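**Q** What follows is each chain in one-letter form.
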Amino acid sequence: MKNWFCSVRIIYRRLRKNRLAVVGFWIIVAFIFTALFAPWIAPYDPSEQDLLASLEGPSVAHPMGVDFFGRDILSRVIWGTRVSLTIALMAVAISAIVGALLGSLAGFYGGILDEVIMRIMDVFLAIPSILLAIAIVAALGPRTSNLVFAVSLSTIPEFARIARSAVLVERSKEYIEAARAIGESRLSMLFRYALPNSLIPMVVQASLRMATAILSVSGLGFLGLGVQPPTPEWGTDLSLARTYLEIAPHAGIFPGIAIFLSVIGFNFLGDGLNEALNPRLKDR
Amino acid sequence: MGKLILMRVLLLIPVLLGVSIFIFLLMRLIPGDPAIIIAGENATPEMLQQIREEFALDKPLAIQYVTFMKNLLSGKVVSIKTRRPVFEELFPRFLNTIHLTLFSMAIAIPLGITLGILAAAHRNSLLDNFVMVLALLGVSMPVFWLGIILILVFAVQLGWLPSGGKEGFANLILPSLTIAFALTSMIARMARAMMVETLSKEYIRTAVAYGLPRRKVVYKYALKNVMIPIVTVIGLQFGYLLGGAVLTESVFGWPGIGRYIVDGIFSRDYSVVQVGIMFLSMVFVLVNLGVDVLYMLIDPKVRRDVSKA
Chain V
1 MKNWFCSVRI
11 IYRRLRKNRL
21 AVVGFWIIVA
31 FIFTALFAPW
41 IAPYDPSEQD
51 LLASLEGPSV
61 AHPMGVDFFG
71 RDILSRVIWG
81 TRVSLTIALM
91 AVAISAIVGA
101 LLGSLAGFYG
111 GILDEVIMRI
121 MDVFLAIPSI
131 LLAIAIVAAL
141 GPRTSNLVFA
151 VSLSTIPEFA
161 RIARSAVLVE
171 RSKEYIEAAR
181 AIGESRLSML
191 FRYALPNSLI
201 PMVVQASLRM
211 ATAILSVSGL
221 GFLGLGVQPP
231 TPEWGTDLSL
241 ARTYLEIAPH
251 AGIFPGIAIF
261 LSVIGFNFLG
271 DGLNEALNPR
281 LKDR
Chain B
285 MGKLILMRVL
295 LLIPVLLGVS
305 IFIFLLMRLI
315 PGDPAIIIAG
325 ENATPEMLQQ
335 IREEFALDKP
345 LAIQYVTFMK
355 NLLSGKVVSI
365 KTRRPVFEEL
375 FPRFLNTIHL
385 TLFSMAIAIP
395 LGITLGILAA
405 AHRNSLLDNF
415 VMVLALLGVS
425 MPVFWLGIIL
435 ILVFAVQLGW
445 LPSGGKEGFA
455 NLILPSLTIA
465 FALTSMIARM
475 ARAMMVETLS
485 KEYIRTAVAY
495 GLPRRKVVYK
505 YALKNVMIPI
515 VTVIGLQFGY
525 LLGGAVLTES
535 VFGWPGIGRY
545 IVDGIFSRDY
555 SVVQVGIMFL
565 SMVFVLVNLG
575 VDVLYMLIDP
585 KVRRDVSKA
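Residue numbers (the working numbering), protein chains in the order written: chain V, 1 to 284; chain B, 285 to 593.
Honestly, the hints are just simulated from the structure, not real lab data. Just so it is clear, the structure is predicted and the values come from calculations on it, not from any experiment. C-beta atoms are modelled at their ideal positions from N, C-alpha and C, and glycine is treated no differently.
Cβ pair distances, simulated, as ranges:
| hint | chain 1 | residue 1 | chain 2 | residue 2 | range |
| --- | --- | --- | --- | --- | --- |
| 1 | B | 368 | V | 70 | 40 to 50 Å |
| 2 | B | 375 | V | 191 | 43 to 53 Å |
| 3 | B | 481 | V | 22 | 19 to 29 Å |
| 4 | V | 29 | B | 492 | 37 to 47 Å |
Turn these sequences into a full structure, and let the hints guide you.
**A** Printed below as a string of structure tokens:
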């Protein structure tokens, strides 16, 4: 475990040198802060309607303008942070945990179990991810729990692959032999040694997957299959803004910027982590 | 060689079966009478009875699945809204999607490869940093938002291009630019990563050590070796492209297969959804297979290994 912390410190040092990763990190911090303190930051209630101000452009009272229903767009974007980040985070957490379990079981036990698990993963890789999400939401309805399920399902195979290959590498190492020699059970070896060692590539993947998850959630929202109005969600709000885009472009532009920025944050951080961790990409 | 390809094809069968079973079961999870779901809300009792028989809905699930696949393959699955065979409606729309996709690829592939290779050749230079930041922005941009911005600028403000439809070449430009932006970024990132890796290989360093001009080493020897894997990876992005097309088609009202499926969801036309998603997944899997086989055929290293074995 001590060893593990050492490597985390080395990664942190390398990461700090990567300017993009630092930028990404602070963007994410800002979004998390916004999500946590939304009720105090947002100037208005996100569903409060001031119909007289409908479609008003950006002003001092409403920095991002007002939408068709007279709701303050800034407040909706701020509250939307909470919705988008929560769904994306839950989806990525679930797929990372399920993927890690399935992948490491497949890698550790091999044989038929490996075959069966990985072939099932192949099935989910074969359906383009947004279509898989669309199919699930179409069948089960656009409830939040279904959205989380829909977004996580298409990501499980990638986490499973990473965990499997990490476990395969670890399995052949001497310390696992040694652990076996002193009579440790296979399952405890898996959880005590092999799995923690796959943690770092999993974290990289998780950061990059957060980016795609946010895009998927807002994409579903944009198609009308995501979080349902009046709940503030970036993609859903953007799709509502489409109908009166020519009169009030701000209603579509600002939710889009929020999606774009949050995705940039996770992509920058994930990319930087990848570079800091992958010795092949390191500067020679 | 033939054996290896045959093996790859055979391995596909369980995957395709798995996909169809999954989609089938998913559609059965829709609450309500499956006969009504297949025939539509306003179906007459006689029609429902006919559907029940045709799709073996009173039989066990396994038989229902086999019957559904049989009906699907013989073109008996009809759209609820139009009562026409789904496949008949789906195919022209699929061609529209391909049309859009190919046009985007024609922009993105040469541009992306050039940018990626240049960035790798001038590693850590200003150009490299610029291209890579731009590419990261490109993969982070939500396609539907980019589409809307393009419409706002080029259709609403400037009035140069139509904001949607499919009448002529002008209608193709904005949607394909929307797809091409993300695709170019993705290809540039992959091309750069692969070129950087190739440039660190022994034979390249040897060539440089022998005193060959760096320009020649990079653009002749390294480039030759990196092109095949780059093209392969691009081929494997096809599924992503089809996914991206779903959103882009919705923004621009492009009558492609993605929009067809989404429209199917809203009109509760589950036959359309089911057949459409199965069809796209099959295409996706087959394209990946095609790319793999092509890779085996053109890569001399793989070819030699196989003939030795």
